[in-house]
Structures are given as C-alpha cells and as structure tokens.
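Residue numbers (my numbering), protein chains in the order written: chain H, 1 to 303; chain E, 1 to 261; chain R, 1 to 364.
Hints are computed from structural coordinates only; laboratory data are not their basis. Idealized CB from N, CA, C, for every residue including glycine. Where hints are given, some of them may not hold.
[As the list claims (entries may be wrong)] Label-pair restraints from in silico Cβ distances:
id	chain 1	residue 1	chain 2	residue 2	range
1	R	S300	H	T8	41 to 51 Å
2	E	K87	R	W298	57 to 67 Å
3	H	G175	R	M322	47 to 57 Å
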Amino acid sequence: MWHIPIMTGQVFNGVSVASILLLTALGLALSFGQMNVINMAHGEMLMSGGYLAYLADKFVHGPAAFPCALLVAFVGASVLGALLEVSVIRWLYGRPLDTLLATWGISLILQQGARSLFGAIGVEVVAPHWLNGSINFTHGWFAGLSLPYIRIFIILLAVVVLGGLALFIARTRWGQWLRAVHQDREMAGALGINTKRVDLIVFALGSGVAGLAGAALALIAPVTPTVGQSYIVYAFLVVIVGGLGSLLGTTIAALLVGLLSAGAQMFTSVSFSDVLLLVLVVIFIQFRPRGLVATHSRMLKEA
Amino acid sequence: MREPQLEAREPLLDVEGLTVSFDGFKALDGMSLRLTSSSVRVLIGPNGAGKSTLCDAIIGHVRPVSGRVVFKGKDITSLPEYQIVRKGICRKFQTPGVLESLTVEENLALSARRHRECWRSFGRTLSGEGRACVNETLELIGLAEKRNMLAGQLAHGQKQWLEIGIVVASDADLLLLDEPAAGMSHGEAAQTAELIRRLSQWHSFLVIDHDMAFVAQLDAPVSVMHMGRLLKEGTLAEVRNDPQVAAVYLGRAEEVSRACA
Amino acid sequence: MRLKSVIDGLILIALALAPFYLSAYHLSLLGRFLALAIVSLSLVLIWGWGGILSLGQGVFWGLGGYALAMHLKLASLAPGDLPDFMMWSGLDHLPKWWAVFHSPALALTSVVVLPMAAAGALGWLIFHRRVGGVYFALITQALALAFSTLLISQQPYTGGFNGLTDFSTILGYSVNGPNFERGLYWVTVGALTGSFLLCQWLRQTNFGRVLVAIRDGENRVRFLGYNAMAYKTIAFAVGGALAGISGALYMLHVGVISPAMVGVVPSIEMVVAVAVGGRESLTGVILGTLLVNFCKDWISSAMPDLWLFVMGALFVLVVTAMRGGLADLAEFPFRKINLRQSRKTKRHDSVIAVEKEAEASKAG
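Kindly produce the complete structure, drawing on both the sequences and the hints.
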C-alpha cells in the first residue's frame, strides 16, 4: 500500500481528476459569486463540449484536428451558455432556488437531446499521436511509475485556463467591470456598467471553460449523455468548499476534493469514497460555513 | 424641554471598547457608549462612521474582536442573537424588514409572543396579554384598520411604521432604530419623533439618523461617531457648535450644510 | 376557506370510493401515486412554507422503504434461512442490525423514526452553521447520490442494484391478491389524510407562522428572538418522517425497493410534482403528484424518449411562468379582481415613494 510509485501515481491521477473538476467548477463558482445563481445544466455544458470536440475531430483531419476540437468545444459551449442565460436565467434573477430547478429542467432536455442525437452509447475523441505515450520511470524510487501524456496535458490545460482567467479578471477592462459588479451590483450599475452584459459574459465564459473540460475529458473517457451528471455533483461540492466566487478558493477546493476522492479510493471502494467525501464536506461546513476563501463584509448580510 | 441626563440613572447598556474588523478594516475601533433606562439617545456621524455596525455588534449580528457589551449588568457579547433578543434588545433595520406574506396583525403577534421557544409554538392563539399588546401597538402606529392586510401590500411609510411597531411590541427594554424616518415626509417624521418620545417612558431608544430636523424633534442627547469611535457627546446644540464635530463633517459639503442647518 | 374544505372533502370521498369504480390496474397506479403524494406534502412543509429546498428527499423516502422492506424480507423466510442475496454474496449469518427487523413493531417504528432522525441530524448540522438556500439544496443532492451509490455497493447487506424484493407476507397477511391491494389502498388514503391534516394543523399553529416568517425574512425573525435554526430543523425532521412513511407505502404497492428509486433523479421528480401542483398548497400538490405521475406513466409507455423532454419543459415552465402551479390556476377566477387591485396599489406606492424622496431631498 505504501509503495512509492503507486502512491505517486494515485496522487498524479488525483491531480488530473482535480484539473477537470477545476475546469468544471470555475464557471459554476464565477456565476455563483457574480449572480448568486447555480446552473444545474452546467454539467451539460461539459457534455456538449465533449460532443462538439467529437464532431470537430470527425470532420477536421490532420494536425489541426485537436486544437480545432478544443476551440469548437469552447466556443460552442459559450454560445450555449449565453443562450441559456438570455432565455431563462436572466428572468429568474433574485430567485436562486427557482433558477436551480429551471436549469435542472434544461439539463434534462439537453441530456435527452444528446441521447436522441448521438445515442446512449459513448463516443470518443481520438487523441492526436503526440499525446500518445507516457513518461515511464524505470530506475530509482519511482521505478514502475508511468505518467500518460494525456493526463499531463489535461493538468497543463487547467493551469493555462486558470492563469488566463486570473489575467482576464485582474488586467482587462471586462475583468474590472466583473470585479465591480461582484462587489456591489447596484453601485456598479450606477457607475454606468452594463451589469446584464457582464453577467452574460461571465456566464458564457464559465460555460466555455466547462466545454473545454468536456473536450479534455473526451480524451480519456467516452462522452455519454450523462457524463455531465457524474462530474457536476463533485463540482458543486467544490463550489461549497471553495467559497463565493473566488478563483483561489475554487482551485484549492478542487485539488482537495480530487485528491481526497483519489486517496479514499485507495483505501476503500469508489462508492464509499463518495460517502466519505460528503461527510467531510459536512464536517468542513461546521468550521468554515462560508467556504475556504470567505469575504467578511456587511454586504453579505442577506446571504 | 427635558434636560439630557447622561449619567443620572442606572446604566442599561454598557458598550466597552468594542472593536469590529472586516478583513482588516476596523469598522469599530474601541467604541464605548453608555445608555440608561427609559432614555433616548441619538447616534450621528458621517457615512462609514460605524453606526450600523455598532447596532449589529450589540445585537450579535457581527462579532467583535475585542471589547464587551454589557446589558442589565450581564455580559452578552458572545450570546447567540435570539438569546440577546430574549434578554430585551430589539432592532429595526435600515431597510424595512417586515414579513411580507403575513398580515399586519400576524407580524405584530410574532413579536408580541412572550414565549418564543420552539417547543411552545404548537398552540394556535396568542395569550390575552399578547393580544392586548398587539391591539395597543396597532393603535399606536395607526394601522388598526389595516390589520388584516398583507404586510407586503403596505405603502413604504406604513412598512416603516409597522416595523417600528414590531420592535415596540416585542416589549424589549432597549430598542435600536436604524434610520426610522428614512423615506418619510416631514409630517410623518414629526409623528414618529413624537411616538418615540412618548414611548421612552417605558423603553430606552438608540436612534440612528441623518436628518437633523428629525434629530432636533427627538430632543435627546446626541453621540457623534467618527471612524469607529465615539467623538463627542452632549446636547444637539453643544454638538453642533463643537469645532471637532464640524471638522469631521468638513469635506463632506452636503453633510455640513445638513448638520449646521 | 370554507369552500376549500368542501373541495378537500369531496376529493377525499372520491379517493376513498375509487376501488368501486376503477379497474384493478388503475387502482394500483392510483395507490402508488397517492403514496408518493405524502412525500409531496412533506415538500410543501419544508420547501413551500419553510423555503428549504431539499433535492435529497428520496433519501428519507428510501430509509422508510428499506426499513419496512427489510422486515418483509425476513418475514418471508423460513426460520434460520438467509435472504437470497446474502447467500449469493457469501454471507453465512444474518448481521445483528438486520436481525432486529424481525420485530414488526420495530420495523414500523423505524419507518418513521429512522428518516426523521436522519433528517433532523442533517438539518441541525447544516442549519446551525447558517448554511441554507442553494448550498443546502446542493448538499442534499450530494446526499442522494452518495446514498444510492452506497446502497448499490453494499450488495451483501442491501441487495445491491436489485434492491429488496420477493416478499410474501406482512403482519400475517399475504401481500399478493386483490384483498391486500384494496386494503393497502385504503391504508394509503388514510395515511395521506392523516399527513394532510398534520400539515394543515402545523400551518395554522404559531409554529407554521414562524416557519413562513423565516422563509420571508430569516434575519427579521431571528432578531425577534426566535431560534430560526430550531424551527427549520423540526420542519425538516417532520418532512423526513412523512417521506419515510411515503417510501414504505410505495414499496408495499410496487413490491420492491431499489437504489434506482431513491437517487438523484427520483428525488428531483418529487420536487417537480410539487412545483406543478403549487408548492404552497396541500391539495394542489396531491393533485399535481397524480397528474405528473399519470402523465409520466402514459408518456413513458407510449413514447419513452419523450418523457425527459416533457419533465424538463415542465420544470422550466412551472418555475418561470406559473410559480403557484395548479393551485394558482384553480384560484385564478376568484383572484382576478384582487390581482388587478394590488397592481394598482403597487403603482400608487411607487408614486408615493418618489414623491417622498423628492420631499426628503427638498427638506435636506
């Protein structure tokens, strides 16, 4: 059990799972912090990203295929997210529980739509040849450890997206607006910021990132109509642990949840690790009810 | 004209060196205040001086990093909110916080119930004493005819009155009113001030307000806060002529004109 | 008010007499949907009135169902025998915590007490840290997921994916045959009526008023000296108990309980029935549950692919366009005039507010 290569391999797997979780949870956390809205159809953004990548991969050949698939997944999922925001979420502003239910309805429709279009059996994206293979350790402490390129790529993707988002928020004008609305919506509106458009951008961006997660996931596992469902509950837990719309909190929480479930699976079964994870989250709430990175201010009074 | 009586009676509330910090920003910085029973005190100060935070801290909504709140001789600093309320402090919020899908009467009844423990809540009615209190309060705030209306359907000013009524019906010894006259017309504000003065025979009030006309009508001692601290205490006239207070309000042109009006 | 009671009474009579005018097939469907209506009532209590959205009501429902099913499983065995799935999984003796369900009294008690305790404990753990709203909904959903995966994985003790089935007797009666079905139907109607009256009574007590007040303004209520956490926890625990009863009855109607019946999707289907019926109306959600489930039965047998589209669309429609659900629709003709009035006063209000602001700024 305490074999170093196996341990390291498990940690590595945990981090790669955490990367996909992070990509999924980022959009959720952003729109939750921004609009106090949880999008239950967010998992279906991931799913549609996977299917879009599959379609792109099917129609484009050559070395451009994979980057093209990523791009299509991102843009497609963003557009889908924007449509969702404009058609449903915008109208339920200030009613978070109703938004939850309405978006759940959307998620059912999208799932069944995918099932009708692509069938219940999963489809796969063929990884480009430069992602085939792995780093193998044959000597020393790590002898026997093998790190697949695909998983390394996924981790890198998460890091790049996270960095990009952080830069976007810290450096661009849109990011500045976003922070303003996040801090005080009314004041930001009074200063002439179009808060509705900021909401739309945040939502579309979050959906796009989830689409990327779906494309990345398609490399290691088949895309099925319900693939979003299997990730989304964990992503919710990440948001709860991470705190209101903070990139840092979400990142740490995703790593914690990913590593914990990978670690728990070493010692118990998959199903038991689910239960364990939930118990840990409930215990966590006892100490940090507002999440890892909490904001203390009078503005949170109504929360 | 009543003379301000700052130290005349037994202290009801003692705030001792209270400090509250929001992520490093000190909203209260060693604030101290003493209130006696059956008195009115007005709290003024520029925006961000920490007036509302002081109310939040007294009622247990925010927790201080240091200092204590002593009420009727007991330290209540670390009690949960509902227990602080049961000890006899009730607060009116800045924005009207009436319960919109209950009737006016039910709103008051909720507050007039003396037994607020969960296990005693399975009865249907209010005690005779409670009902008398509800009726009395309805008359007091002039909403007797609207008793069966949903609180959500009241006009803004009436909601303010209803919330004052809720606070009064709780029969607390100390009532904290955060801008009770906000959004009221001159006449309504005058009526509110009159109501507060009448009720101060039985309750103590801590009133936050910006409107100097209203403060003058309250005719009560004034405490000025600045940067989370107590700056000055005295009659309205004393405070008005104080150079320090004037300095605090300087640079805020609007407030200067209001404070010196 | 009075008219409502008359309508409720007529519905009850119609339900009680159903065995005399419905076919056996439709009666058995009606019976199981009425059992489900009890869990809908629990959602009115906690969500409609208390404002606490539970997406994991299937867990408490399942606890009740499994508790009784364990007893039934044991009751249909010869003394000393093991349930079939235990033998297949290589257990050689009955675990102690299974054996106690031999006692019918204990099994029936735990149908109520087990889910009630679980809901109470979870509610306390989360509400006392002031976590509510969206967070609570997400946590309960995670609970539903964890519960169903746990049941599937613990095959030797829970029967795994197939759950518990193949029952023969309960309290000495055979569970097969028309007499049992008819008796069970009336028991269900009785339990539904009891739950209905319990909820109605709760709503009229001070407890109910405080609960609704907490939904409208938790802070205001807390600052009137009420311990909001205790009220919410009790409401959630009572809701859990009702869900348990519902699960046990449903299990008797269909003769099986399995993880697929208690997971994330069934839990949320319970919510859709309540949303359609009108989350604040007891009568509304009973009718809503019947409507949604008869539709589901009909659509999913005629066009299986369509059901999820319909359910999804129902969610979106009900939540965005008709928050009051069926109950609102039924009251609409009576309320039309009032609605217009309140709209008028609202406009009036805003005019007054503007005038006041103008006055205030003049005064300042």
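So, going through the hints one by one against the coordinates:
The hinted window of 41 to 51 Å between S300/R and T8/H holds, with their beta carbons roughly 48 Å apart. Remark: the range hint 57 to 67 Å for K87/E to W298/R is upheld by a beta-carbon distance near 60 Å. At roughly 39 Å, the beta-carbon separation of G175/H and M322/R lies outside the given 47 to 57 Å, and the hint is violated.
This entry does not satisfy hint 3, going by the numbered hints stated previously; all others are met.
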